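The primary structure of each chain is shown beneath.
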Amino acid sequence: MIRRYVAAALAWLAFGAIAQAEEDIVLGLNQTEVSIATNFNGSEIIIFGAVKRETPIPESSQLQVVVTVSGPSKPVVVRRKEKKFGIWVNTDSVEVDRAPSFYAVATSGPIRDVLSGVEDLRHKISIPRAIRSVGAPMTITDSPAFTEALIRIRSQENQYQLDETGVTVDQQTLFRATVQLPAALVEGDYDTRIFLTRDGNVVAQYETLIDVRKVGLERWLYNLSREQSLLYGLLSLAIAISAGWLASTAFALIRR
Amino acid sequence: MQIYLPIAEISVNAFLLLGLGGLVGVLSGMFGVGGGFLITPLLFFIGIPPAVAVATGANQIVASSVSALLAHLKRKTVDLRMGTVLLIGGLVGAAGGVSIFNYLKSLGQVDLLVNLCYVVFLGIIGGLMFIESLNALYKTRSGKRQPRKKHTWIQKLPFKMRFRVTGLYISVIPPLLVGAFVGLLAAIMGVGGGFIMVPAMIYLLGMPTKVVVGTSLFQILFVTAFTTLLHATTNYTVDIVLAVLLLIGGVVGAQFGTSLGTKLKAEQLRILLALLVLAVCGKLALDLLLQPSELYSIGFTS
Numbered sequence: 001m002i003r004r005y006v007a008a009a010l011a012w013l014a015f016g017a018i019a020q021a022e023e024d025i026v027l028g029l030n031q032t033e034v035s036i037a038t039n040f041n042g043s044e045i046i047i048f049g050a051v052k053r054e055t056p057i058p059e060s061s062q063l064q065v066v067v068t069v070s071g072p073s074k075p076v077v078v079r080r081k082e083k084k085f086g087i088w089v090n091t092d093s094v095e096v097d098r099a100p101s102f103y104a105v106a107t108s109g110p111i112r113d114v115l116s117g118v119e120d121l122r123h124k125i126s127i128p129r130a131i132r133s134v135g136a137p138m139t140i141t142d143s144p145a146f147t148e149a150l151i152r153i154r155s156q157e158n159q160y161q162l163d164e165t166g167v168t169v170d171q172q173t174l175f176r177a178t179v180q181l182p183a184a185l186v187e188g189d190y191d192t193r194i195f196l197t198r199d200g201n202v203v204a205q206y207e208t209l210i211d212v213r214k215v216g217l218e219r220w221l222y223n224l225s226r227e228q229s230l231l232y233g234l235l236s237l238a239i240a241i242s243a244g245w246l247a248s249t250a251f252a253l254i255r256r
Numbered sequence: 257m258q259i260y261l262p263i264a265e266i267s268v269n270a271f272l273l274l275g276l277g278g279l280v281g282v283l284s285g286m287f288g289v290g291g292g293f294l295i296t297p298l299l300f301f302i303g304i305p306p307a308v309a310v311a312t313g314a315n316q317i318v319a320s321s322v323s324a325l326l327a328h329l330k331r332k333t334v335d336l337r338m339g340t341v342l343l344i345g346g347l348v349g350a351a352g353g354v355s356i357f358n359y360l361k362s363l364g365q366v367d368l369l370v371n372l373c374y375v376v377f378l379g380i381i382g383g384l385m386f387i388e389s390l391n392a393l394y395k396t397r398s399g400k401r402q403p404r405k406k407h408t409w410i411q412k413l414p415f416k417m418r419f420r421v422t423g424l425y426i427s428v429i430p431p432l433l434v435g436a437f438v439g440l441l442a443a444i445m446g447v448g449g450g451f452i453m454v455p456a457m458i459y460l461l462g463m464p465t466k467v468v469v470g471t472s473l474f475q476i477l478f479v480t481a482f483t484t485l486l487h488a489t490t491n492y493t494v495d496i497v498l499a500v501l502l503l504i505g506g507v508v509g510a511q512f513g514t515s516l517g518t519k520l521k522a523e524q525l526r527i528l529l530a531l532l533v534l535a536v537c538g539k540l541a542l543d544l545l546l547q548p549s550e551l552y553s554i555g556f557t558s
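Residue numbers (this note's numbering), protein chains in the order written: chain U, 1 to 256; chain X, 257 to 558.
So that you can see chain X by itself, here it is in the shape it has in the complex (with noise of 0.2 angstroms):
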């Protein structure tokens, strides 16, 4: 069934997109990520305008948000505090975003930024995971622990508060940094930011892994909705029929893919989502280091 999308202005499967929803779903459902990473590239992949795709892949994420952040927040595992420092960090580094992402698009360099950062990311955190858990997998099995690092660096840092729910007391800085940086993310490759957001608050800032996904959540959710409304009312790009066969497939698939990711060990998810990421990863650097078989291409002038 072909489906004509308004704003893309390109006509499409309807199956196929919720399909790819619900392949996204699965996956964030059994890894508890957002899956923006691998939507927006899917979308490009299936000939959706760069532009379209970011834009509406953060809508979707919004969703899938909601529904993984209620179930935190009746578990009472998000630090509200905390969230907050680190959204108006990211709503300055969304705002800060969406800018770039403007400016580079009339210049034409918009979707090598995108696919740059995509590589760079996606490699970085898919590496670190991949030896990470490589190493947990063997600790696992010699019985040892690794110890936490202290950074004291940061507990030298002015401007210090209570945050209670984490059980932290720590300057704002850092966390207000993190909060941009992952908001800058969210507007420029249209994702959620979590898969850099969860690292960060567990290795810099030294928060307990239990409120952390939580507490992530939370910020995701209010980002991604900033960015959807900038993308809205600057760009025009968000196609609302896109967003709601992709939220469809991805509702129904997270709940699949979380019954299936009990099943499965902690160390095993990692790895799988690790090697996902890194084949992600792979795809866009080929794209960008191989000749393309088309060296042009057309854009519009604004």
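This is chain U alone, in the form it adopts within the complex (with noise of 0.2 angstroms):
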């Protein structure tokens, strides 16, 4: 028995030495943490590494890079319009278990050269593999079509990205990604993975956090709103009804 995990530990820990001895993966981020604060209007993330290893540069074949940023997800719900007594109305739904509310994939490469359509499937890196949709009701046959508008609209609002050339890779061992991130951003943990690829398959992968947070009167407003509901709601009735007493105010002693 304990010879058995003895010889286990022993296979990880080669195992591991040889992964360590081929390509790894040292990472830089221009900012570990992004502040929405009022004036907040979209940011830039900057991912740069470089690729350690003991051996020489394999040269059978191309270092690729694929770096995804993807923020908090959400169960949501597409729903689609269809013409009803004459008028547009929301007809079917198709919930969709899980949906990154931003997703950022750059490549430095085609997607379907750089990565293969199994490694996608197991790291769940291009978008439509980002996204988990089970729960389509029987009556609905073309569910596909709700994924792919969610994509779709997701994309035009800038939250979806896929960036080809976006990764630039230099001497198969430095490379730079930047990541715009939209000005209408959810905050929490935005999960950062950076993937090296060699012939489509993954070698190496590194995840780190960067953590979007609402920060000084944003912070304080949304916890109120939250936290202490009444108290926000009085606040916003005060603020309405002295600004309404003293437009009153100074406007009659203007007129005066």
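In case anyone wonders, no lab produced these hints; they're calculated from the structure. Incorrect hints may appear among the rest.
[Stated by the list, open to error] Capping the alpha-carbon separation at 30 angstroms, the derived lysine-lysine pairs in DSSO-like fashion look like this: (1) X:K519 - X:K330; (2) X:K521 - X:K466; (3) X:K539 - X:K519; (4) X:K361 - U:K74; (5) X:K466 - X:K395; (6) X:K361 - U:K84; (7) X:K539 - X:K521; (8) X:K539 - U:K83; (9) X:K416 - X:K332; (10) U:K124 - U:K74; (11) X:K466 - X:K330; (12) X:K416 - X:K330; (13) X:K521 - X:K361; (14) U:K81 - X:K361; (15) X:K466 - X:K332; (16) X:K539 - U:K84; (17) U:K124 - U:K52; (18) U:K81 - X:K416; (19) X:K416 - X:K521; (20) X:K361 - U:K83; (21) X:K519 - X:K332.
In this text, all values refer to a predicted model and were calculated from it rather than measured experimentally.
Using the hints, put the two standalone chains together into the complex.
Laid out in structure tokens, this is it:
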């Protein structure tokens, strides 16, 4: 029994050592935190790094890099409009269990060349793979149209991005990618993953988090509205009432 | 200057919002309406989520109605007793409206309901106002006055009450119903409902015109304040930053609108307002009738 564990541990060590010996990622980020303040108008994340290796660069294949940044996932409902009684009404809907609020993929070449279908499925890298939808009702036969619509709408809003020239790789060692975060950004932990691939197979991966948070007034108001919603409501009323009162008094004085 | 709205979670141009508030303020000062029926659809157009637009719109109306109500209180043109009866109906209606709103939100039909309400009510009110003011223009030229109709069936209802400021002795049932109906609309459409309340008070309850606006403002103030609180505590959709920007534009615009309004004749003003109402109605109707360029939409599960 113990022997089996030892063997497993040894095998793991050996495997780890091999992985270590081949290619590994050393990563840098221009910012590990994104603060959403009142003047927030989008942000740019620069992801840069180097490939660390103990052995010479393999010459048989080209090193490729894939970078993904993913916002917090939330289940969403995709609804479709249909003409009923002369007007356009939401009718069919499909629930998508997991859809990141933001998802960017940057690659160093066309994604189908850089990444094999199997690896994409395993690591859920491309946009359609990052979304999971299972709960389509029996009445809907064309449920893929709904996930396509989700991707289409979010891509138009710049919330889903695929940039196949977004990563530049220098001498198979240095790489650099920029990801644009749009102004309409949801706060949360943004999962950032970097994959090194050769011949479509992932040879190394690295994962880190970018913390996107509302700060200052935004933070305070948001928390207040969720935790002390009555107080927040009363505060909005107080502001409205005093603004109305101030306006009428001020202009009454001016008119006099 | 871009500004990030903490509740709507989008970034918009602050001057656009100030301008929007100002524009609606000018119109509301000119025509003596709250302007909710304009601000909420305009917020939809610039991409504010409908739920946030409706809730924040209600908050904005609180400010403009406080400002106007103070002026009316000074002139003693508010029937507090009638206002209170309307208000009781209004609060019941608003509570019902918010629960209908939340139920339809879970079904994904809230946008449809809000739009349909707008098209139907703006269409009816705009159309009636347009016809009525055209007639009035014609009548003032020919020098005739229309006699007021008597609604005898309203006089027969029980639970009569005396309203001294208004000079009426009528049943409390019609004002309660009118109040409840306006409260319902206030919660669903994010409007004060003055554009429905004022004609209802004149034509249904037979109140004298001079106390109608002040009394309706009194009721609207409390109903929209209540609606704001309900939306804030159940939906978390009141955006203070958005409200403040709209308010600043609104209160300044309203004062310019008031002086602009005194330069025009009442009938001309009403025709202009009617055309404006019909234009907003037409735009919203086209959205419902024409095939949208994107048939799909994304919502969140609660």
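Hint check results:
| no. | hint | result |
| --- | --- | --- |
| 1 | X:K519 - X:K330 | holds, 23 angstroms |
| 2 | X:K521 - X:K466 | holds, 17 angstroms |
| 3 | X:K539 - X:K519 | holds, 29 angstroms |
| 4 | X:K361 - U:K74 | holds, 17 angstroms |
| 5 | X:K466 - X:K395 | holds, 21 angstroms |
| 6 | X:K361 - U:K84 | holds, 19 angstroms |
| 7 | X:K539 - X:K521 | holds, 27 angstroms |
| 8 | X:K539 - U:K83 | holds, 18 angstroms |
| 9 | X:K416 - X:K332 | holds, 24 angstroms |
| 10 | U:K124 - U:K74 | holds, 16 angstroms |
| 11 | X:K466 - X:K330 | holds, 13 angstroms |
| 12 | X:K416 - X:K330 | holds, 29 angstroms |
| 13 | X:K521 - X:K361 | violated, 43 angstroms |
| 14 | U:K81 - X:K361 | holds, 15 angstroms |
| 15 | X:K466 - X:K332 | holds, 10 angstroms |
| 16 | X:K539 - U:K84 | holds, 19 angstroms |
| 17 | U:K124 - U:K52 | holds, 25 angstroms |
| 18 | U:K81 - X:K416 | violated, 49 angstroms |
| 19 | X:K416 - X:K521 | violated, 38 angstroms |
| 20 | X:K361 - U:K83 | holds, 20 angstroms |
| 21 | X:K519 - X:K332 | holds, 25 angstroms |
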